[in-house]
Amino acid sequence: MIELEDVTFSYSPADPVLDGINVRVGKGEYLGVMGDNGSGKSTLARLITGLLLPQKGTIRVNGISTGDRRRLLEIHRSAGMVFQNPDAQAIGETVEEDLVFGLENLGLPVPEIYTRIEKYLDLLGIRELRYRNIRTLSGGQKQLVNLAAVMVMEPECIILDEPVSMVDARHRKIIFEHIARLNREGTAIVHITHDPEELTRCHRLIVLSRSGIIHQGTTHEVFNQLLDEEKMDIPVPFAISRALGLTPVLTTDALLEELCRLRSGT
Amino acid sequence: MSIEIRHLTHIYDADTLEEIKALDKIDLTIKKGNVFGLVGGIGSGKSTLASLIAGLEKPTGGSITIDGEPPCPGKNVGILFQQPEDFFFEKTLFRDMAFGLLHSGLTEDEVNKRIHSTLDLAGLDRKILDQSPFHLNRGTLRLAAFASVLAMRPGVIILDEPTASLDSQSRKRLVDIIKRISGAITIIYISHRLQEVIEVSDSLAVLDKGNITFTGTRPGYLDWAAGQDGGGYLPILNQIMYRLHKLDFDVDFKVTKLEDAVGQIQRTLEKS
Ligand SMILES: Nc1ncnc2c1ncn2[C@@H]1O[C@H](COP(=O)(O)OP(=O)(O)OP(=O)(O)O)[C@@H](O)[C@H]1O
Ligand SMILES: Nc1ncnc2c1ncn2[C@@H]1O[C@H](COP(=O)(O)OP(=O)(O)OP(=O)(O)O)[C@@H](O)[C@H]1O
Ligand SMILES: [Mg+2]
Ligand SMILES: [Mg+2]
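Chains as they are written, first to last, in the numbering used here: chain X, 3 to 268; chain F, 30 to 301.
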């Protein structure tokens, strides 16, 4: 689905942000991306969606190189991105206009457009924002609208750049349950965040730093390494299960199940 | 400085079809030198309350006083906005940081002194002052933005989601500064990161659709949060401990440290 081969990118020649990195995300795969401020996470997202071009190496989305500028529209259709800056993404004046815009471009029939918009506004619990002017929304409301704008397009791949940094716990739960469902149904996900609690459903994780990819592997492998290093946060259930000497688990449900099993001695 | 909020109401686009009541007759008292945590769902009115206390907007009803005076931005109250680094646009970081100070009528010498001393307080290297903000990372810029609010020396500081999008190291540094300056300055701390709000706050309030649904101290907050549906107001560690408690594990769900939680779980497992 997404392939980065030996990709080098710099904003100014002397100071590469990404230097010879390789990343692959297959169909239906869910990749988490962590890394300190300035480590190049958003740059990676912009490269994947063709908003930036690498100085070296190639990036392909669905087999199409992002360097093939005539096919950029195809890339944008198969890979939708939720931007880190919630003010950078909206195109329309009102929420509805913003959602309509992309769907019209897909050439969907009008009734289908409105069915989809209602579906996603309901799903994210923001139906009452439908006719609101986007500029006057709160920070978290904007992030939800941006998520809706990408989800309505039903792309094959979704790139999330810190999508819920200003969203409350209740909405976060709804969003990640839906993302997980989309992923099970085959959507590839690239999910950038500083909050490890968001990444419990990832298949694989990479950790970026200015020197390149410093950790990569399955979610369990990488969190194990991060726990040993004590530099970055890891999910609380994972930390507790490891401190108790159990097989580490990522979610509260899995932890409780394991503890109940242990207590009953089975 | 202490803050008195009485019957505060704020309506956007009043008397139009788009009218939105962001705050509905709110009463709050915030004690001098306290860190006051403000939590609540998206669109619940936190940033609206923040900008009213900061004196950046006039409420449509009710009153706010800081030690008996109305809020005056840059004088008795300062605010660190959500994502302040997006507002840095000058050639050097120094010029961005000095912007508000120079406009408040201080001499250049005094501005220099103040910026240097708050940078030291924030643990930032003075060398970054000559750099372009575009070449500094978000964590550094956020701490610098915080330092420039501190340099105005207001008695009240409002922090609107100060740690959103920060890596764990910058987040810890920011929380550390808050702990050091609290007592001398009254701080209002808005965040969706419940663990963090609880860690820094002396007392808390919860906003829900423009209404205050809880005010009280830290332990009181945890009791209240445990009684809410879905546990969405409890930090994850307390959520886990609360559910264990409900499963008849002999644990205290109000623990704040992971080590303590692990110790308690271990003991109950050994007993059974
Ligand atoms: N448009 C730009 N021009 C010049 N330098 C840039 C630009 N955008 C980013 N950079 C620099 O490139 C580096 C990587 O930035 P990037 O935004 O990709 O990091 P990030 O990992 O997303 O950080 P954060 O966690 O703060 O979002 C940083 O040092 C940043 O200052
Ligand atoms: N300038 C404005 N014009 C109209 N409505 C507004 C304006 N600013 C905010 N609102 C609305 O007022 C309500 C409260 O918004 P506010 O920004 O105070 O929420 P918040 O609690 O800070 O949310 P978040 O956690 O998402 O930042 C929301 O419904 C919001 O859409
Ligand atoms: Mg970024
Ligand atoms: Mg807000």
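Some hints could be false.
As the list claims (entries may be wrong) - Okay, derived cross-link-like pairs now, EDC-like style, lysine to aspartate or glutamate, Cα gap no bigger than 20 Å in a straight line:
(1) F:300 / X:235
(2) F:60 / F:42
(3) F:61 / F:258
(4) F:201 / X:231
(5) F:238 / X:124
(6) F:87 / F:42
(7) F:87 / F:48
(8) X:175 / F:137
(9) F:238 / F:114
(10) F:286 / X:130
(11) F:201 / X:130
(12) X:233 / F:205
(13) F:201 / X:124
(14) F:50 / X:197
(15) F:286 / X:124
(16) X:233 / X:197
(17) F:238 / X:197
(18) F:201 / X:260
(19) X:233 / F:225
To be verified - A short list of chain X residues far from chain F (calculated; beta carbon distances all over 12 Å):
(20) 60
(21) 142
(22) 199
(23) 215
(24) 261
(25) 262
To be verified - What the simulated footprint calls covered on chain F by chain X, stretch by stretch (three residues with Cβ under 8 Å from a Cβ of chain X suffice, anywhere in the stretch; the number is not a length):
(26) 125 to 133
(27) 191 to 197
Hints are computed from structural coordinates only; laboratory data are not their basis. All C-beta atoms in this analysis are idealised placements derived from N, C-alpha and C, irrespective of residue type, glycine included.
Hints versus structure:
1. F:300 / X:235: violated, 31 Å
2. F:60 / F:42: Distance ~32 Å between residue 60 of chain F and residue 42 of chain F Cα, so the pair is violated.
3. F:61 / F:258: With a Cα-Cα distance of about 33 Å, the restraint between residue 61 of chain F and residue 258 of chain F is violated, given a limit of 20 Å.
4. F:201 / X:231: holds, 16 Å
5. F:238 / X:124: Given that 20 Å is the threshold and the Cα spacing comes to 18 Å, the pair holds.
6. F:87 / F:42: holds, 13 Å
7. F:87 / F:48: holds, 16 Å
8. X:175 / F:137: At roughly 50 Å apart (the allowed maximum being 20 Å), residue 137 of chain F and residue 175 of chain X break the hint.
9. F:238 / F:114: Status violated; Cα separation ~28 Å.
10. F:286 / X:130: violated, 39 Å
11. F:201 / X:130: violated, 37 Å
12. X:233 / F:205: Cα-Cα ~16 Å, so holds.
13. F:201 / X:124: violated, 37 Å
14. F:50 / X:197: It is violated: about 32 Å lies between the C-alpha atoms, which goes past 20 Å.
15. F:286 / X:124: violated, 38 Å
16. X:233 / X:197: Holds. Residue 233 of chain X to residue 197 of chain X sits at ~13 Å (cutoff 20 Å).
17. F:238 / X:197: violated, 26 Å
18. F:201 / X:260: Violated, at about 32 Å.
19. X:233 / F:225: Holds, at roughly 17 Å.
20. 60: At about 28 Å from chain F, residue 60 of chain X clears the 12 Å cut-off, so the statement holds.
21. 142: violated, 3 Å
22. 199: For residue 199 of chain X, whose nearest Cβ neighbour in chain F is about 6 Å away, the distance does not exceed 12 Å, so it is violated.
23. 215: With a cut-off of 12 Å, residue 215 of chain X remains clear of chain F, as the shortest Cβ separation is near 16 Å.
24. 261: violated, 7 Å
25. 262: violated, 6 Å
26. 125 to 133: Check failed, 0 qualifying residues.
27. 191 to 197: The restraint on the segment 191 to 197 of chain F holds, since 5 of its residues have a Cβ under 8 Å from chain X and three suffice.
Figure legend: structure checked against the earlier numbered hints; hints not met, in rising order: 1, 2, 3, 8, 9, 10, 11, 13, 14, 15, 17, 18, 21, 22, 24, 25, 26.
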